[in-house]
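Engineer: These two chains come separately, so use the hints to put the complex back together.
Each protein sequence line maps, in turn, to chains A and B.
Here the first sequence is numbered in the working numbering, starting from 646 and rising by one per residue.
Here the second sequence is numbered in the working numbering, starting from 12 and rising by one per residue.
Keep in mind that the hints were calculated from the coordinates and are not lab data.
A few of these clues could be false.
As the list claims (entries may be wrong) - Which stretches of chain A does chain B cover? Using the computed rule of at least three CB atoms under 8 Å from a CB of chain B, they are:
| hint | segment |
| --- | --- |
| 1 | 724–733 |
| 2 | 764–775 |
| 3 | 830–840 |
Said to hold, decoys possible - The following label-pair restraints were derived from C-beta to C-beta distances:
| hint | chain 1 | residue 1 | chain 2 | residue 2 | range |
| --- | --- | --- | --- | --- | --- |
| 4 | A | ARG820 | B | ASP121 | 39 to 45 Å |
| 5 | B | GLU92 | A | ILE764 | 21 to 27 Å |
| 6 | B | LYS30 | A | PRO700 | 33 to 39 Å |
| 7 | A | PRO942 | B | ILE124 | 20 to 26 Å |
| 8 | B | PRO61 | A | GLN997 | 54 to 60 Å |
| 9 | B | GLU123 | A | ILE764 | 32 to 38 Å |
Cβ coordinates follow ideal geometry from the N, Cα and C atoms, glycine included.
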Amino acid sequence: MSKAVIVGVGMTAFGRHPTTHFTHLAAQAIEEALVDADMDFTEIQQAFCSRVYLPSSTGARVFEVMGRTGISCPDVEGACGAALAGVRQAKLMVESGQVDIALAFGVEKIGKGFMPPTILYDDWQCQMGLTQNPQYWALNARRHMHDHGTTAMHMAKVAAKAKRNGALNPKAFFRKPMTVEEILASPMVNDPLTLYMLCSPVDGAAAAIVVNEKLAHRFGGRPIEIAACEHAISRYPLLNASSFCTTPTDHPSVYRMTAEQAYARAGIGPEDIDVVEVQDNDAFSELEYYEELGFCPRGEAGRMIDDGVTELGGRMPVNPGGGLQARGEPLGASHLGQIYEIVKQLRGEAEQRQVEGARTGLAQVFGAFGHCGVTMLKRAY
Amino acid sequence: MSGDRMAFRDGFLSGDLAKLGDVRLAGSRCRACGIALFGRRLRCENCSSPALDHVSFADTGSIHSYTVQRYPPPQPNACPEPWLPRPLAWIDLDDCGPRILGPIRCNPDDAEIGGRVHLVCGVGWIDQASGAEVIDYAFEMDKRI
Chain A
646 MSKAVIVGVG
656 MTAFGRHPTT
666 HFTHLAAQAI
676 EEALVDADMD
686 FTEIQQAFCS
696 RVYLPSSTGA
706 RVFEVMGRTG
716 ISCPDVEGAC
726 GAALAGVRQA
736 KLMVESGQVD
746 IALAFGVEKI
756 GKGFMPPTIL
766 YDDWQCQMGL
776 TQNPQYWALN
786 ARRHMHDHGT
796 TAMHMAKVAA
806 KAKRNGALNP
816 KAFFRKPMTV
826 EEILASPMVN
836 DPLTLYMLCS
846 PVDGAAAAIV
856 VNEKLAHRFG
866 GRPIEIAACE
876 HAISRYPLLN
886 ASSFCTTPTD
896 HPSVYRMTAE
906 QAYARAGIGP
916 EDIDVVEVQD
926 NDAFSELEYY
936 EELGFCPRGE
946 AGRMIDDGVT
956 ELGGRMPVNP
966 GGGLQARGEP
976 LGASHLGQIY
986 EIVKQLRGEA
996 EQRQVEGART
1006 GLAQVFGAFG
1016 HCGVTMLKRA
1026 Y
Chain B
12 MSGDRMAFRD
22 GFLSGDLAKL
32 GDVRLAGSRC
42 RACGIALFGR
52 RLRCENCSSP
62 ALDHVSFADT
72 GSIHSYTVQR
82 YPPPQPNACP
92 EPWLPRPLAW
102 IDLDDCGPRI
112 LGPIRCNPDD
122 AEIGGRVHLV
132 CGVGWIDQAS
142 GAEVIDYAFE
152 MDKRI
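If we strip away everything but chain B, and leave its shape as in the complex, we get (with noise of 0.2 Å):
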């Protein structure tokens, strides 16, 4: 929690949430299989042990796999009314990162394989509790060069 916000989860961001540009995912990184993995974790998800590093992740990466949500999700859900279209991707974040899933902020015909995207962490909704902003996160493509 930084001053009215909080991150979607806990463990899942890191930098000053007051500053939206400093932020970034976070996870874990296992020292003994070298996996990074979305989020603080307890133990490796994937081999078990508990000897990892908390680290913050790349804000660059590039899409994996995606596809376009032609209909809104299921309520309860915090996104803009009328729904559009939306790209969601598989994204390997850069320097050894996780492959996390993230929408994409994009015409649904510009998201292809291989793109290049940067984070964009923003306020997706009210936490009902506590009154507080709670910061989530997306992707834009790159413009090309």
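Isolated chain A (complex conformation) (with noise of 0.2 Å):
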């Protein structure tokens, strides 16, 4: 089998882009990854188009702008988990010979305010105002406060943290530094998680061109080989947006139920990764990933973020380009907005928020109805 490795990485700032379409958006993305790999459309084999709310066929529709090559592009959709479902199917592809250089890219077009809640729930749940999607995190925070005495100051650092990191980041929605008083003084939207714990969804598109590593060297000569993508949908309960019925049960989470099959398969342990993106909808949902995916022991997140580990300039960072909370979550883009960041990590190309040395990164998502996964890349040059 043969290693698929990405050789073009390309991303839109993520934020409010009201008077650009869709198709102009993944076309932006789409054209920086194949300057980014010195390559032209005309060379891709296959593509996968990542979207939730944007319409059926948004891939199709790209074609009209970047020209009709003739090739397969279906639409993946998989919640906030649709840009893994995506490269995952981009990398299986080249891995198994069916092609040698395939385009994964995700498109968001979602506007200011509330997402539509009927997407995502039924009827009833929706008369009932069952339907804020941060109540979901803001029960699983609470238990962990109550079990692990994990605080609000805890949760208002990995804001501060994600807001210190987007304003360092171009591309990201929110630039403005904050405090952690100003974060806890925000608004309370759903206790104990306040206004800015909170991420935004945005529009952006993102895009990764993946190559059999044989080919590697013609394009760019900075391969990132994909060491791992797992995806899967969570076993009972799901704990999150969306679930009415909770009881518990002795499975593993999703989290890190894909979280191991991961470092099974790359081989790499989380002791190994230089550098992480997670999917941080919430300030408290990246501390329970630093105990999910195996960061540190369970209940002992907050002790991570007090010492400084998860910083910039600490023993493992954290969502340095500002994470879902700062850098905002085009829900179809999203995991490919994950993989740009930790694709110039590795490269040494993140300027300011540049993780001196980052050598391994683990990208990971969680979406609605359990969607969940982890991409591992390593460095290959």
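Structural biologist: Here it is in structure tokens:
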């Protein structure tokens, strides 16, 4: 089996793009990835388009802009994990030898405010008002506080880190540093989560070009190996948006399950990872992932943020690109935004937010209905 | 459907909907793995077994975790206006029942982990297609003795 490597990445600024058509947003990210790989669009043999709220056949519509080259490009939908599912398909096709050059891109255009709840929830859940996504994260946070002594201050520190890192990222949506005091004093949305502990859904696109490692020398000479790309739907219970029944079981969380699958496939353990991007829909979720991805024992995530381990300059920087809290979350493109950041980090191209000497990275996503995944990347040059 | 009343979702309530005090939350208990699930199921969501008993659950329970919805949820919804901050909780129903999500009708400051609650069913909204009253559920905190 061949190895699959990323030779080009592109990403629009994540944020508000009210006057740009979604096909043009996608094209902007794809064009940047093509330049990055020194490749022409006509060389791509297979594409996957990830999106959540955009219409049917978004990927095919992008070919109106990029040129109809006669290749396959289905849409891949998987809530906030959509882009991981697309990258995984590209990787599997390259590894299997079906194609040598594949493109995974994601795009979303969602506008400002609450996402329409009817796409995620049954009518009765809407009518009963059970449709605020942060409420589910808050329920997990409150229980963790009760069981482990985690505090709102821990969450505020995570949010402040995201804002600090986002201020260093020219493509992030939210670029204003904030103090923990400002974050704690911002309006309470779902106790214990305040406004500035939450991410914003935004518009944006991102892309990665995945090729057979044997061709990597032709395309830029800075290949990043996809050492693992694992995806699963949560076992029972599902602890997130849309869930109305969570009777406990002995199953590991889907976060732990996909991470362990990725560690096994990549032959890289959590102790070997230099830089991380996780699905910080909210500040508490990032703390939860420290534990569930095996970065620290259960109940000790608060100490990790207190000790600065996950800060830029710490032993294991998490969300150096600002995470979802500062970069923003264009759902279908979000994981490719994480991959963009990790690829830049592993190549030493992350400028002010560079993690010195980073050679291995992990990107993790989690979305509605239990979509979860982990991609492991490592420098291959 | 009972007269001009219907459950918020078929298979999630039991009892005569005309007598709200008799209505209980309903669902399935798996004969293979033992888990209790809110709502009548075809297979067990936990282990996929089709061997299920369809049961009514206890109308009392305790709070596993809670939050407070400080702002109104996005439309469409049938929540009272103007919006008043409302606790929302994962509740462990007694007698090995399921852990379910439900609103608690109480002062936001009164909700607490481990707090005891009881079920209250009522008319939530009107079904647009049939004109029937839709029965939904919430919880109230037990009075402290």
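Engineer: If any of the earlier hints don't hold here, list their numbers in rising order.
Structural biologist: 1 and 6
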